[in-house]
Amino acid sequence: MTRQEILEKTKKVVYDCMPELKGVEIDEDSVINTDMGMDSMNFILVVCKLEALFDVKIPERQWNKLSTLGEVVDAFEKRINK
Amino acid sequence: MRFSSFRALLEYWAGQTPYAPALLCEGETGPRAVSYRELAAAVERRAEELRQTGKTCLALFADGGEACVVTLFGALRVGMQVVMLSDDLPDAAAGVLLAYTDADMIWSLDGEREAELAPFLTAGVENGRGRLLFFTSGTTERSKAVVLTEQSLCSSAWNGSQMLPLTQADTLLCLLPLGHVFGFVCGLLWGLACGAAVALGRGARHYGDDWDYFRPTAVSVVPALLGFLVKHRLFNRELRCVLIGAGSCPSELIEAAKALGVRVSFGYGLTETSSGVAISTGGDPYAMDVCPDDTVTIAPDGEILIQAPTCMMQGYYKRDADTRAVLVDGVFHTGDLGLLDSDGRVHITGRKKDMLVLPGGTKLFLPEYEARLSAALGTAELAVFLEKNGAPALLLQADPAEEKAVREKLRPLMEELPRGEQIGKIYFTDKPMPRTATGKIRRWEIQKEDGQ
Numbered sequence: 000m001t002r003q004e005i006l007e008k009t010k011k012v013v014y015d016c017m018p019e020l021k022g023v024e025i026d027e028d029s030v031i032n033t034d035m036g037m038d039s040m041n042f043i044l045v046v047c048k049l050e051a052l053f054d055v056k057i058p059e060r061q062w063n064k065l066s067t068l069g070e071v072v073d074a075f076e077k078r079i080n081k
Numbered sequence: 000m001r002f003s004s005f006r007a008l009l010e011y012w013a014g015q016t017p018y019a020p021a022l023l024c025e026g027e028t029g030p031r032a033v034s035y036r037e038l039a040a041a042v043e044r045r046a047e048e049l050r051q052t053g054k055t056c057l058a059l060f061a062d063g064g065e066a067c068v069v070t071l072f073g074a075l076r077v078g079m080q081v082v083m084l085s086d087d088l089p090d091a092a093a094g095v096l097l098a099y100t101d102a103d104m105i106w107s108l109d110g111e112r113e114a115e116l117a118p119f120l121t122a123g124v125e126n127g128r129g130r131l132l133f134f135t136s137g138t139t140e141r142s143k144a145v146v147l148t149e150q151s152l153c154s155s156a157w158n159g160s161q162m163l164p165l166t167q168a169d170t171l172l173c174l175l176p177l178g179h180v181f182g183f184v185c186g187l188l189w190g191l192a193c194g195a196a197v198a199l200g201r202g203a204r205h206y207g208d209d210w211d212y213f214r215p216t217a218v219s220v221v222p223a224l225l226g227f228l229v230k231h232r233l234f235n236r237e238l239r240c241v242l243i244g245a246g247s248c249p250s251e252l253i254e255a256a257k258a259l260g261v262r263v264s265f266g267y268g269l270t271e272t273s274s275g276v277a278i279s280t281g282g283d284p285y286a287m288d289v290c291p292d293d294t295v296t297i298a299p300d301g302e303i304l305i306q307a308p309t310c311m312m313q314g315y316y317k318r319d320a321d322t323r324a325v326l327v328d329g330v331f332h333t334g335d336l337g338l339l340d341s342d343g344r345v346h347i348t349g350r351k352k353d354m355l356v357l358p359g360g361t362k363l364f365l366p367e368y369e370a371r372l373s374a375a376l377g378t379a380e381l382a383v384f385l386e387k388n389g390a391p392a393l394l395l396q397a398d399p400a401e402e403k404a405v406r407e408k409l410r411p412l413m414e415e416l417p418r419g420e421q422i423g424k425i426y427f428t429d430k431p432m433p434r435t436a437t438g439k440i441r442r443w444e445i446q447k448e449d450g451q
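Line order of the protein sequences matches chains B and Y. Heads up: the first sequence is residues 0 to 81, going by numbering that gives the first Met the number 0. Heads up: the second sequence is residues 0 to 451, going by numbering that gives the first Met the number 0.
Derived by calculation from the structure, the hints in this document are not laboratory data. Note that the coordinates shown come from a computational prediction; the quantities given were computed from them, not determined experimentally. Every residue, glycine too, gets a C-beta built ideally from N, C-alpha and C. Take the hints with a grain of salt, since some may be wrong.
Dumping the calculated BS3-like pairs for lysine-lysine here, alpha-carbon to alpha-carbon at most 25 angstroms [what the hints assert, rightly or not]: (1) Y:Lys352 to B:Lys64; (2) B:Lys21 to B:Lys77; (3) B:Lys21 to Y:Lys408; (4) B:Lys10 to Y:Lys424; (5) B:Lys11 to Y:Lys230; (6) B:Lys64 to Y:Lys424; (7) B:Lys11 to Y:Lys424; (8) B:Lys48 to B:Lys11; (9) B:Lys64 to Y:Lys403; (10) Y:Lys403 to B:Lys10; (11) Y:Lys317 to B:Lys10; (12) Y:Lys403 to Y:Lys143; (13) Y:Lys403 to B:Lys48; (14) B:Lys21 to Y:Lys424; (15) Y:Lys230 to Y:Lys387; (16) Y:Lys387 to B:Lys21; (17) B:Lys21 to B:Lys8; (18) B:Lys21 to B:Lys81; (19) Y:Lys439 to Y:Lys352; (20) B:Lys77 to B:Lys64; (21) Y:Lys230 to B:Lys8.
With the C-beta cut set under 8 angstroms, the calculated list includes, among others, these residues of chain Y facing chain B [unchecked claim]: (22) Ala91; (23) Tyr206; (24) Asp211; (25) Arg214; (26) Leu224; (27) Glu414; (28) Gly419; (29) Lys424.
Take the sequences, apply the hints, and build the full model.
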């Protein structure tokens, strides 16, 4: 799977989980924190849906280090294409 | 029943209802029950293994699983001091805490972590029998350890069972981290003290489906988790009781939970009092009845004072001056502001300390947190406050055009913190922070300016 495909799927999951972001453009540089409206529970929901979608797991101890959408994509890309 | 130790609790129920489920865990085809008799026996076996190590102080990375619970009870059974640590604690902070608390043994499901932290182990502790150390907030390397005992925790669980009784037909879902005293007492001990079954939640990934899996009748949650559960309407139809604690909860959220058909109670307590001091049992979730073992009075300046002889901490570990500052002649000065109504019920009205309580239950001690931000950014002209949604935000004297550079400077610090404690929005100002004559930040002016 290409990085672009992973990014697009990730964005779709974020929009599905957070309908309040409709109309807001997000990209790899978007900081996924409460500034965007993503609290810790929403983050867990997004990661769990992505894990199910891509059939890989990101260790929970690494979750705190994922600051931007691009870093989420990096984490999944590394494991999907292993 | 009132118990003085976990051993007494387990032996009692193993004798009374040996085949009743004590724990429900993840199984191959569905929940797997561990009976009270099986749990008591497993604890004895584990205790013997731990006895043979000759170790005296166990640092437990509490993941909330069956092995964790058995090891915890087993360690206390053989007189070890147990240090309760969050499973997501970064290694750097964990190393500092191991040295501070005199740990000479680590338990974690993560073998790599045990190896990485081995150099921080100490020679152990004398006279640690029956002591559990919990941390006052999110466990950072600067946290204070609160010394509690099996007896104080059992008393706290008894308090809870008197206010909100469970029966042996109940299943209490344990979702919260056992490394925090609210999660430990209200997620685990409350159920065991009543002889109910405690379903050990399968971790954050299963917040959405543990309900269908375990079919609980009761649960303890923090406000952030409640918001998630209500938003996604996750409660199962058997659920009848939700206890909220560890932070203030918006009334609309409580009403939304009630509308789903469950009884909602709100609890007030602190790590220093082994958790619960007052719990709402009537229609108003913010009017809390004081638990039987506790006495609440209000100081002339509005501070809530607590006497709780059976539940009170022994003190802060190796920090006598800090202990003396808050525990005076058996009276604990909470730093919270409140009032007692005509029926003697407690209402919380605010905070006296420079502290924020986040929706996830974690406390942010502002002077310490802001000092770390200042060190990262090279300026003291900043302040942290909570937005209406409970997210920590930063007010900074700087040019808004520098936001990207500011976030980069903050990144190493943010990566050390759980997501709920990380700075969300950054507000920029061209003015210095408003301060008192003694240099303290006038926080109320900041909140006012933000329109909150």
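Hints, one by one, checked against the model:
no.	hint	in the structure
1	Y:Lys352 to B:Lys64	30 angstroms, violated
2	B:Lys21 to B:Lys77	28 angstroms, violated
3	B:Lys21 to Y:Lys408	30 angstroms, violated
4	B:Lys10 to Y:Lys424	21 angstroms, holds
5	B:Lys11 to Y:Lys230	20 angstroms, holds
6	B:Lys64 to Y:Lys424	17 angstroms, holds
7	B:Lys11 to Y:Lys424	23 angstroms, holds
8	B:Lys48 to B:Lys11	11 angstroms, holds
9	B:Lys64 to Y:Lys403	17 angstroms, holds
10	Y:Lys403 to B:Lys10	22 angstroms, holds
11	Y:Lys317 to B:Lys10	49 angstroms, violated
12	Y:Lys403 to Y:Lys143	34 angstroms, violated
13	Y:Lys403 to B:Lys48	29 angstroms, violated
14	B:Lys21 to Y:Lys424	19 angstroms, holds
15	Y:Lys230 to Y:Lys387	17 angstroms, holds
16	Y:Lys387 to B:Lys21	21 angstroms, holds
17	B:Lys21 to B:Lys8	16 angstroms, holds
18	B:Lys21 to B:Lys81	33 angstroms, violated
19	Y:Lys439 to Y:Lys352	12 angstroms, holds
20	B:Lys77 to B:Lys64	15 angstroms, holds
21	Y:Lys230 to B:Lys8	23 angstroms, holds
22	Ala91	12 angstroms, violated
23	Tyr206	7 angstroms, holds
24	Asp211	15 angstroms, violated
25	Arg214	21 angstroms, violated
26	Leu224	7 angstroms, holds
27	Glu414	5 angstroms, holds
28	Gly419	4 angstroms, holds
29	Lys424	4 angstroms, holds
Violated hints for the displayed structure, listed by number in ascending order: 1, 2, 3, 11, 12, 13, 18, 22, 24 and 25.
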